[in-house]
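One letter stands for each residue in the lines below.
2 protein chains.
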Amino acid sequence: MEKALSGIRVLGATRMLAGPYCEMLLADMGAEVLHIELPGRGDESRHFAPLINGEGSCFIASNRNKKSITLDLRTPEGQEIFKDLVRVSDIVVENNRPGTMDKWNVGYKDLKEINPGIIMTSVSGFGQTGPYSQRAGLDIVAQAMGGLMFMTGEADGSPTRTGNAIGDFLGGLFATYGTLSALYYKQRTGKGQHVDAALLDSVIAVLENVIPNYVGLGKVTERMGSRIPGIAPYNTFLAKDGYVVIGVSSNQIWKRFVDVIGRPELNDDPRFNSPSARVENVEEVEKITQEWVSQKTVEEVVSILNEAGVICGPVYSVEQLIEDPHVKARDMAPEIEHPVAGKLRLSGITPKLSLTPGTIDSPPPALGDHNEEIYKGLLKYSDEKFKDLQNRGII
Amino acid sequence: MEKALSGIRVLGATRMLAGPYCEMLLADMGAEVLHIELPGRGDESRHFAPLINGEGSCFIASNRNKKSITLDLRTPEGQEIFKDLVRVSDIVVENNRPGTMDKWNVGYKDLKEINPGIIMTSVSGFGQTGPYSQRAGLDIVAQAMGGLMFMTGEADGSPTRTGNAIGDFLGGLFATYGTLSALYYKQRTGKGQHVDAALLDSVIAVLENVIPNYVGLGKVTERMGSRIPGIAPYNTFLAKDGYVVIGVSSNQIWKRFVDVIGRPELNDDPRFNSPSARVENVEEVEKITQEWVSQKTVEEVVSILNEAGVICGPVYSVEQLIEDPHVKARDMAPEIEHPVAGKLRLSGITPKLSLTPGTIDSPPPALGDHNEEIYKGLLKYSDEKFKDLQNRGII
Numbered sequence: 001m002e003k004a005l006s007g008i009r010v011l012g013a014t015r016m017l018a019g020p021y022c023e024m025l026l027a028d029m030g031a032e033v034l035h036i037e038l039p040g041r042g043d044e045s046r047h048f049a050p051l052i053n054g055e056g057s058c059f060i061a062s063n064r065n066k067k068s069i070t071l072d073l074r075t076p077e078g079q080e081i082f083k084d085l086v087r088v089s090d091i092v093v094e095n096n097r098p099g100t101m102d103k104w105n106v107g108y109k110d111l112k113e114i115n116p117g118i119i120m121t122s123v124s125g126f127g128q129t130g131p132y133s134q135r136a137g138l139d140i141v142a143q144a145m146g147g148l149m150f151m152t153g154e155a156d157g158s159p160t161r162t163g164n165a166i167g168d169f170l171g172g173l174f175a176t177y178g179t180l181s182a183l184y185y186k187q188r189t190g191k192g193q194h195v196d197a198a199l200l201d202s203v204i205a206v207l208e209n210v211i212p213n214y215v216g217l218g219k220v221t222e223r224m225g226s227r228i229p230g231i232a233p234y235n236t237f238l239a240k241d242g243y244v245v246i247g248v249s250s251n252q253i254w255k256r257f258v259d260v261i262g263r264p265e266l267n268d269d270p271r272f273n274s275p276s277a278r279v280e281n282v283e284e285v286e287k288i289t290q291e292w293v294s295q296k297t298v299e300e301v302v303s304i305l306n307e308a309g310v311i312c313g314p315v316y317s318v319e320q321l322i323e324d325p326h327v328k329a330r331d332m333a334p335e336i337e338h339p340v341a342g343k344l345r346l347s348g349i350t351p352k353l354s355l356t357p358g359t360i361d362s363p364p365p366a367l368g369d370h371n372e373e374i375y376k377g378l379l380k381y382s383d384e385k386f387k388d389l390q391n392r393g394i395i
Numbered sequence: 001m002e003k004a005l006s007g008i009r010v011l012g013a014t015r016m017l018a019g020p021y022c023e024m025l026l027a028d029m030g031a032e033v034l035h036i037e038l039p040g041r042g043d044e045s046r047h048f049a050p051l052i053n054g055e056g057s058c059f060i061a062s063n064r065n066k067k068s069i070t071l072d073l074r075t076p077e078g079q080e081i082f083k084d085l086v087r088v089s090d091i092v093v094e095n096n097r098p099g100t101m102d103k104w105n106v107g108y109k110d111l112k113e114i115n116p117g118i119i120m121t122s123v124s125g126f127g128q129t130g131p132y133s134q135r136a137g138l139d140i141v142a143q144a145m146g147g148l149m150f151m152t153g154e155a156d157g158s159p160t161r162t163g164n165a166i167g168d169f170l171g172g173l174f175a176t177y178g179t180l181s182a183l184y185y186k187q188r189t190g191k192g193q194h195v196d197a198a199l200l201d202s203v204i205a206v207l208e209n210v211i212p213n214y215v216g217l218g219k220v221t222e223r224m225g226s227r228i229p230g231i232a233p234y235n236t237f238l239a240k241d242g243y244v245v246i247g248v249s250s251n252q253i254w255k256r257f258v259d260v261i262g263r264p265e266l267n268d269d270p271r272f273n274s275p276s277a278r279v280e281n282v283e284e285v286e287k288i289t290q291e292w293v294s295q296k297t298v299e300e301v302v303s304i305l306n307e308a309g310v311i312c313g314p315v316y317s318v319e320q321l322i323e324d325p326h327v328k329a330r331d332m333a334p335e336i337e338h339p340v341a342g343k344l345r346l347s348g349i350t351p352k353l354s355l356t357p358g359t360i361d362s363p364p365p366a367l368g369d370h371n372e373e374i375y376k377g378l379l380k381y382s383d384e385k386f387k388d389l390q391n392r393g394i395i
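Residue numbers (the numbering used here), protein chains in the order written: chain Z, 1 to 395; chain F, 1 to 395.
There could be a bad hint or two in this list.
As the list claims (entries may be wrong) - Taking beta-carbon pairs under 7 Å as the criterion, some of the chain F residues facing chain Z (in silico):
| id | residue |
| --- | --- |
| 1 | M29 |
| 2 | M145 |
| 3 | P159 |
| 4 | G178 |
| 5 | L183 |
| 6 | A197 |
| 7 | G247 |
| 8 | I311 |
Rather than coming from a laboratory, the hints here were simulated on the basis of the structure. Quantities reported herein were computed from a predicted structural model and do not represent experimental measurements. Just so you know, even glycine gets a beta-carbon here, dropped at the ideal spot from N, CA and C.
Could you put the whole structure together from the sequences, leaning on the hints where they help?
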């Protein structure tokens, strides 16, 4: 079935998370994505614990809907083969150390010669330019230098990384946004370009109003647990059997809240009669909220407050999340059949497109699964050439 | 100068963060974005503390490069005017409660009739479908129900929200990805569609391998501060004058690390001679690391370890971030001149496109700044009609 990006071919010279995730977003919307892996070993995330029946779950999580071909880009012959592929492709995604693709004679300036419309998207820790561009990147470094960790965690605790590799995901998402913008431009002009995405840049891009607040008002955003500066109560609270979050974001909602928790007199209390008053008295506001929540189960809190139009939700672990009826209705934890790892579930596809929905059509591929299809079928290499390249470890 | 999305017109019936952020990403790449606001009050984020010379910094942070027009979509006349705009636009972004645009007779099925190529992107807390679609969303609820908070924070602490509204940003980013995918499809087929983005879906989409780990192996990802399961040391450490993060992701790097901290004998220690051994002895590994870090300044740690090829970085507050030479070289905290708030700095544009870079051409607009340009210039309303609509508060 035709999808939004059907007809687009993407070469993915990527490994691990940020680069593969960008490719996967393109694949989910129908692009043909060739995940290029080293012969023999492949993308190292295949080997990272934990393994599910021998296949790394990191690889499983970020590589559905793709084809796998093996190719050693470090060899001159491998580089020539890559150029053969570029001739018939639209997009290259790569996440090597900046300068590596140039060193391999397949940098943007090389590829542009053979295919002026090629869009090359590079995803790296620090970007293709700037004094730190040669530093290795890790998600924790992007979160730290990007200002996010300073603001995350308890007020009396230390800077905390998010529970997922948000730096990698933001890098992948911004790379995708840049790639698709460049694709639109290419479609109307025929011209490709180099898209330079960086994990550090991507974290800085989601700092909300932190930078203008500092420059304009001298305010430095500090850690405050789950609170936010402008609203109270807005936090995690412990019910009898788990945590909930509650956010009372207006006077209207505060009124409904105090009514439903049986404290209507608080509606007239000057300590709590405006957002700023509640923020000023946040400790008291949270004490009142926590007292009520402690006497209820998560389900009771969520049910009662939702009924009353007070914004709240359960803090889900993965066990609860995948069983939630709304998550199921939204198909956000769909089941797939993986040839090695068996029946699995993955994070689903979002957003939902009405005419050309993204779908999971194939599981993450085995290493080199599509070598014949691509090298013999697409590039028309002879059987002899194919076997020879395999024997010499080029593919 | 021509940009990647030049020629595209976007109507943004959005307020606050997720929707405006999606519009802003399109504006940064050159789309003409009309931010539609209620006459008189405008986007409420203009009024949220903190204010910089009277303008809300939330609004300042998410609305550069846009035009502002006022329009009351709750009125039948306003709805007709909106349809006049849709006729000459490519994309509508909206973040109203699901069903609201339909109630206002400007839902996707209505707009499709007047402009079959229109792409309507809806951003909401829970999506257009599913049992919770009518619930109000807040960032903290998406982070909680999306499984992220359960995994974020200290092991002996409570589930923690990220320091920024990552749910809103992920909603905006996935909305952008879906919009641009639909735009590519429309460009080749003429057909628009409805793009349904949800904050909750977007958080679930970045859970890495959490879902397959649970379903395939029964592993539930718990909070572990800044650690990650597969690598040690990988954490925040306290230097003499601030925090740093260090990630020793391989045996090679461990060898360089123990050499440079003057503990070469640890290279032969079986407790530390593989990633899994180091993870098993993480307390000891961290103690060794912390001992060394405590004796150094942040600058010394970063300098020594980078020199030795050990991945690390300073934990920046916003004050330090905007002064970093690499951040400056990447233009990730650029200065703008705001007519009311004065000289400010914002989060910069990423990724960097080589041929058609995104640029900040205009500051966030004043309320209704572009009413004349759009209503009289673009829609060709007469002076009388324009004045009349203003007088009656429709625009």
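Can you name, in rising order, the numbers of the hints this structure does not satisfy?
none
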